[in-house]
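Chemist: Sequence:
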Amino acid sequence: MFSTRIHSPWLWIAVPAVLLVFGFLFRRFAEAREAKYSKPPGELLNIRGRRLHVIRRGVGAPTVVLESGGASSSAMWWPIQDRLAAHTTVIAYDRAGLGWSDAAPLPRTIKGSVDDLGMLLQKFNASPPYVLVGLSYGGPVIRAYAARHPHQIAGMVFIDIPHEVVFTTPGAQTYLRRASFVLRVVGRLAQISFLRLLRVRGLADSSTALPYTAEQREALSSRFPTAVSFFTGASEFAAMLQIGDEMKGLGKPGLLGSTPVAVISHGNPYPGPFAVLETNHLQGQQELAALSNNSVLIVAKNSSHAIPLEEPEVVLDAINRVVESARNGIPLNPM
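Anchor point for the sequence shown: position 273 equals 273 in this note's numbering, and the numbering is continuous, going up by one each time.
No lab work stands behind these hints: they were computed from the structure. Note that the coordinates shown come from a computational prediction; the quantities given were computed from them, not determined experimentally. Hints may contain errors.
[What the hints assert, rightly or not] List of simulated lysine-lysine pairs, DSS-like, C-alpha gap at most 30 Å: (1) 111 - 252; (2) 39 - 123; (3) 301 - 252; (4) 123 - 111; (5) 111 - 248.
With these hints in hand, go ahead and build the complete structure from the sequences.
Modeler: Below you can see the structure in the form of structure tokens.
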């Protein structure tokens with residue numbers, strides 16, 4: 001009895017500690033094994049001493065560059081990329097710390113993502129001009145890239161992207177802080193293998209409007225998102241807190257001249273805590289369309305935020321229209 005009373009408190013400490021250490025070591029082993037044996041669908045391109053995962057499909061100009069949303073890999077683009085590749089060259093990639101790309105020092109910023117994209121396109125010998133396609137967080141990235149390299153831009157497609165009039169509201173700022181915090185917590189759980197035990201994945205699965213190929217499904221099932229991918233995502237959400245400053249001077253009407261621009265907005269309101277992002281949303285989409293005098297504003301009537309997964313045909317049609325406008329000078333919305 002005496003011995004039990006002495007050692008019981010230590011058992012309550014030792015057992016959880018052993019489990020935490022085991023979970024941490026198991027996660028390190030599993031991630032190292034997946035990095036070695038999980039075959040990415042694209043190439044690993046060395047950028048400043050770290051690798052970015054890049055997929056190129058198709059031939060022809062202009063080159064379409066697909067930029068993913070915050071905390072997301074290129075996986076959601078793969079079926080769309082395959083369809084677009086029948087008409088032109090299409091590039092999808094994973095930003096640093098996401099998908100199959102190596103991690104980069106935190107915090108991640110829009111400027112850092114633009115730097116990586118510029119080096120990737122240069123080293124990958126992807127010749128301009130480009131049609132840049134951005135979803136959500138990818139929108140500010142491609143806007144900033146276009147401002148830095150205006151002569152490389154043949155067209156732009158904004159898919160439900162966060163405009164500064166939305167993300168500078170108090171409700172949106174609170175949402176971004178909470179989302180960043182949640183992703184950091186999930187990252188801590190991933191570090192001790194908790195997500196692996198629950199079989200929680202962060203990559204898109206095959207239940208989308210466009211099917212994945214057998215090879216793509218195999219790639220998706222071959223690995224779990226790394227713990228650092230959640231910390232990277234948290235950093236990207238935190239970066240959006242500064243979107244007003246990042247986009248300063250980039251919202252002037254007519255800034256993009258006659259560059260073809262398609263803006264796709266969701267038709268189904270955001271649910272639950274995401275509803276705060278509806279404030280000024282339509283105004284923001286109209287201001288994005290006003291960046292060019294050759295633009296079109298499209299509403300994906302049956303979609304919420306994940307439009308490429310829910311209504312990919314709307315996205316495909318918009319990108320193809322912008323590509324044709326860039327090639328042939330055909331107005332997107334002829335009078």
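Chemist: With reference to the structure, classify each hint as holding or not holding.
Modeler: Okay, the hints, checked on the actual structure:
| no. | hint | result |
| --- | --- | --- |
| 1 | 111 - 252 | holds, 20 Å |
| 2 | 39 - 123 | holds, 22 Å |
| 3 | 301 - 252 | holds, 28 Å |
| 4 | 123 - 111 | holds, 18 Å |
| 5 | 111 - 248 | holds, 13 Å |
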